[in-house]
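Novice: Fit chain B to the known structure of chain A by using the hints.
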Amino acid sequence: MDLEKFHNIGTSTDWIVMVVYFIAIMLFGTYFGRYNRSTKDFFFGGRRFSWWLISFSIVATGVGSHSFIKYSAKGFEAGFSSSMTYMNDWFFVPFFLFGWLPIIIYTKIRSIPEYFEKRFSPSARFLATVLLLFYMIGYISIGFLTLGKALLPMLPTDFTLFGTHFEVTLMGVVIVIAIITGIYITFGGQTAVIFTDLLQGFILLFAGFLIFIIGISYIGGLGLFWDMLPTEWKLPLAHFNEPSSFNFVGIFWQDAIAGSIGFLFMNMGLIMRFMATKSVNEGRKAATFNILFMLPLSAIVVSNAGWVGKAISVEFPDIIPPNTDPDQIFVVVANVIASPGVFGFVMAALTAALMSTVDTLINATAAIYINDVHRPIKKFLKQLSDDAKTTDRKELFSARVSSVIITLLGVLGVLAFRDFPTVYEAHGYFHSTLTPPLVIAIFMGIFWKRFTPAAVIVTFIGGIALMVLGANYPALLIKPFAHGTPMDESHPFSYIRALYNLFVCFAVGYIAALTTGYQKKFVGWVKTKSNEKIIVYSMLTFSIFLFVGLVFSSSLISLHPESYLEIFIFVLLSLVMSAMVTLLVTYFVKYDPVANTLGLTVYSLAEAKEMFKGSKINDKEGEKIKVHWKFKEGDEDIIYFSKNDMKRMQAEAGDLVYLSDARKWMGGLKSVHSVFGEPHQEDGIVYITSENMQQGQFVKGRILRAEKEM
Amino acid sequence: MPSFFNTWLPFIYLYGVGGFFFLIGMIIIRKSGALDMSKKKHRFWYKVLIFGFFYFVVMHALLIVAALYW
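Residue numbers (our numbering), protein chains in the order written: chain A, 14 to 723; chain B, -2 to 67.
Since the hints were made in silico from the structure, they are not lab data. The C-beta atom is built at its ideal place from N, Cα and C for all residues, glycine as well. Be a bit skeptical, because a hint or two may be false.
Derived pair list, reagent style DSSO-like, types lysine-lysine, alpha-carbon separation capped at 27 Å [stated by the list, open to error]:
{"#": "1", "chain 1": "A", "residue 1": "K626", "chain 2": "A", "residue 2": "K643"}
{"#": "2", "chain 1": "A", "residue 1": "K660", "chain 2": "B", "residue 2": "K38"}
{"#": "3", "chain 1": "B", "residue 1": "K44", "chain 2": "A", "residue 2": "K298"}
{"#": "4", "chain 1": "B", "residue 1": "K37", "chain 2": "A", "residue 2": "K629"}
{"#": "5", "chain 1": "A", "residue 1": "K639", "chain 2": "B", "residue 2": "K38"}
For each label pair, taking beta carbons as the anchor points, the in silico distance ranges come out as [what the hints assert, rightly or not]:
{"#": "6", "chain 1": "A", "residue 1": "T170", "chain 2": "B", "residue 2": "V14", "range": "46 to 52 Å"}
{"#": "7", "chain 1": "B", "residue 1": "A63", "chain 2": "A", "residue 2": "P335", "range": "23 to 29 Å"}
{"#": "8", "chain 1": "A", "residue 1": "I524", "chain 2": "B", "residue 2": "V14", "range": "19 to 25 Å"}
{"#": "9", "chain 1": "A", "residue 1": "L237", "chain 2": "B", "residue 2": "W5", "range": "25 to 31 Å"}
{"#": "10", "chain 1": "B", "residue 1": "R27", "chain 2": "A", "residue 2": "M500", "range": "37 to 43 Å"}
{"#": "11", "chain 1": "B", "residue 1": "M56", "chain 2": "A", "residue 2": "E328", "range": "27 to 33 Å"}
{"#": "12", "chain 1": "B", "residue 1": "A63", "chain 2": "A", "residue 2": "V417", "range": "48 to 54 Å"}
Chain B with its partners taken away, still in its complex shape:
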C-alpha cells in the first residue's frame, strides 16, 4: 500500500491550499460586485463555479480510491 505522502496528502494539500485561493476569489468577486447575484446570468455562473470546484474534488477522490482498492 503506498504511503500517505503518495495518496491523500497531495489531495488534502491540493484542495486545502488551492481551495483557499478559490475561496478568496469567490469572496473578492462577490464583494466587488463583479458577480452580481441580482442578475439571473450571474446566479447561474455562481453555481457553475461552485460545481466546478467539487467536480474536480470528487474526480480526484474517486481516482485515488480506484487506484487503492480496485
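Isolated chain A, as found in the complex:
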C-alpha cells in the first residue's frame, strides 16, 4: 500500500508563532548561560538543583527523545500499546537508585568512560569511550531524523530563491536544523539546558494534553472515541510476537531491558541531570517522580495524536486517509483539529522539545570528548603546564568547538537510519545494536566485584564480534532467541536482536570473569618462557586478524545464509579470539581487585561516601536552618556558622554544608556546596567568602537556608 505523504501543511500565522517561540526559548536559555563559570558548570550545572526542577527538566528530554512523531506513528498503527515503553522502566530502578546514582555522585566521575578507567583500566576506558561516542552520536542522529520528519510535512516540495530552484529533502531540512541547534548549544551550557528544558517540559505537557482535548472534542466526546476503537487497539501491551515491526516480546528486550538500562545507566544527557541535583537523595526523588508520574503522563502526551488520528480515519477517511504515512500523523492530526496559530504553537513546542533532546545529547557528548579524549591526549603530550584557570578557559573553548563537530557527525549519522519505515523502528534497531556491550559492562562492573578488566574488554570485543555474526546471519543465530517473532528480510529482528546481543555479551564476559584463575596460571606459565614476547605478540596479531576478519566476514566470504557448519566455525573462531583477548588483557593490565573496586561497586558505597567527603561521615540527622549572610575576607572554600546553629544542624567543623537562597521556588539556582569552618558566636549569621558568594550568586539582604550534607 502506498503511503500518503503531506506537504505545505500550516499557515503563515503558524510559522510566525514558531519563529517567535524559538527566539523566546533561545533568549531564555542564553540568560541562564551566565551561571557557567567553568567546564564543571557548563557540563554539570554545579550540582545544586532541587529534585522537582530536575524532574520536570527531564520531561522535555524524555518526551523529546521518545518523541511525538514515533509514538504517534505507532499509536496510529497499533493503538494504546504505543504507550508500553513508557511504563516498563521500573525493573531497574533499585539498581539505579542504590547502585549507579550514588556511585556516579560520590566518585565525582565526569563521564562513564572515566568510571571504566577507575574500575578496570585505561584500555577499558578507551573502548568504552569509542562505544559511548557511537551511542551518543547515533542518538543525536535519531533526534535529527525525527526533527526532519516533523518539519517536512510543513514545507513545500520545492522552492525558488534568487532564480535557483531547490528541492526540499529530508537531509536538507536536517542540515538547517543542525545549524540552528549547534548555535544554541555552544552558547548555553548545562544550566541553560536545564532551565529551557524545565520551561519546555511544562509547555510540552500542556501542548500534548491540548491536542488530546481538542481531538476528543473534534471526534464528539470521550465515549464516542472509546467506542470507535477496536478492542485490540485499546490494549496497553502489543501482541506477544507479531508483527515483526511492532511486537511485545521484542520491544520488552529492546526497551524494557536494554533501553531502560541504557537510558538510566549510560545516557550521559540524563546522568548529567542527576549529577546536577544537590544530593543523592534529591537525585532519587527526581528519578522516582519522573518514572512513576511523568512517564505515564508523557505516554499519553506523545501518543494521543495517533489514537485520535486512528479514530478520525475510521469515521472520516476523507479527512485523514487510513494510509497516511505514520511518521506524519502527528503533524496531520494537529493541523486538522487545531486552528491556525494553535497548530504553530504545538509544532513549536514539539520541535523545540526535540531540539532540547539533541542539545542535551550534544552537550553530554562534548563532556565525554573533553574528559575522555581531550584531557588524556593533553596528559599524554604533557601539555598540562597551564594554570587551572587558563586550562579551564581552553577546555571551555574546546567544548564549544567539539559541540559543532559532534553536531556535524550527528547529521551524517542520519544516513544510517533514514531508510527504516518509521522512526520507531530505526530507534529500536539502534538500541538493540549499540547498547548491549556497554549495558552489560557497566552493569556487571557495578554489581559484580569479580568482574575483571579481561572480562570487560572481552565483553566489548568478543561481544561485538558475535553481534556482527548475528547481524550477518540472523536466521541462524538470532532466530533461536526470537520467541516466534517473524523475520522481516529487509530489517531482520529489529527488536528481539537485543536479547541475542545481550546474551552473547553477557556470556563471554561472565565466562572470562569465572576463569580468572586459569588465566593467571597461563600468564604465569608464559612469563617463565624464554620466548615470552614472541608468544604474546603472536597471540595479539592473531587476535587482531581474527577480529577484523570476523567483523568484515560478510564482505570477505559469501556463505550460505543457513549453513550451520560454516556459522559454527565462525562462532568457534569468535570464541577462540575472545579467549586470546582475555589472556592478553590478563597479561598486560595491572589490576588490584581491592583498590579497583573500593567505592566503585554497590558493595562499598559507605567507602565511596567517605572518599567523597575526605573524612569520616557524620550521619546524625540535624535541622535545616535559616540564616542571614555576611561577607568575610578571603577566597577559601569554607563557611562559618555560630556554635548554636551548628549544634542545631548536628554539624562539626570539616563537615559538608549546602547553602541556598531560602526561596524554594528557585530550586537551588542560587546555592553553594562548601565546608563548615570553626564556629563563631553570632547566632543566625553565616560568614561566606567571595568565592562562595560568586558561586552562589547570593543577593544582598536575602535569607539563606543551610543544611548539613554529611
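Specialist: Leaving out everything else, chain B in the frame of chain A:
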C-alpha cells in the same frame, strides 16, 4: 475477543521476567548494604520501590480489563 497472545501473555511475561530482574535488584541492594534498613530514609525508599512495582502491575491490569470488558 483478542487472543491470550494479545492480552494476558504479554502482561505475565512483562511482570514475570521483569519482576525477576526487579527482585534480583532488591536482593543485591539489600545484601550489599547499599539499602540500609537501619536508616529511616532507606526504609522509606524500600517502601517506594515495592509500591512502584505494584503500581505499574495494577495500572496495566486495569487497562487490560478496561479494554476487554468496558
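Novice: For every hint, state whether the structure bears it out.
Specialist: Against the structure, the hints:
Restraint check for K626 of chain A and K643 of chain A: the C-alpha separation of about 26 Å stays at or below 27 Å, so the hint holds. Between K660 of chain A and K38 of chain B the alpha-carbon distance is near 21 Å, which keeps this suggested pair within the 27 Å criterion. For the suggested pair K44 of chain B and K298 of chain A, the alpha carbons sit about 13 Å apart, so the restraint of at most 27 Å is met. With a C-alpha separation of about 20 Å, the suggested pair K37 of chain B and K629 of chain A falls inside the 27 Å cut-off, and the hint holds.
The hinted pair formed by K639 of chain A and K38 of chain B meets the criterion: a straight-line CA distance of about 23 Å does not exceed 27 Å. Distance hint for T170 of chain A and V14 of chain B: a CB-CB separation of about 47 Å, consistent with the stated range 46 to 52 Å. In this structure the supplied range 23 to 29 Å holds for A63 of chain B paired with P335 of chain A, their Cβ-Cβ distance being about 25 Å. Look at I524 of chain A against V14 of chain B: about 23 Å separates their beta carbons, and that is inside 19 to 25 Å.
For L237 of chain A and W5 of chain B, the Cβ-Cβ distance of about 28 Å falls inside the hinted range of 25 to 31 Å, so the restraint holds. Our hint of 37 to 43 Å for R27 of chain B and M500 of chain A holds, since their Cβ atoms are close to 42 Å apart. Between M56 of chain B and E328 of chain A the beta carbon distance is about 29 Å. The supplied range of 27 to 33 Å therefore holds. With their beta carbons about 50 Å apart, A63 of chain B and V417 of chain A fall inside the hinted range of 48 to 54 Å.
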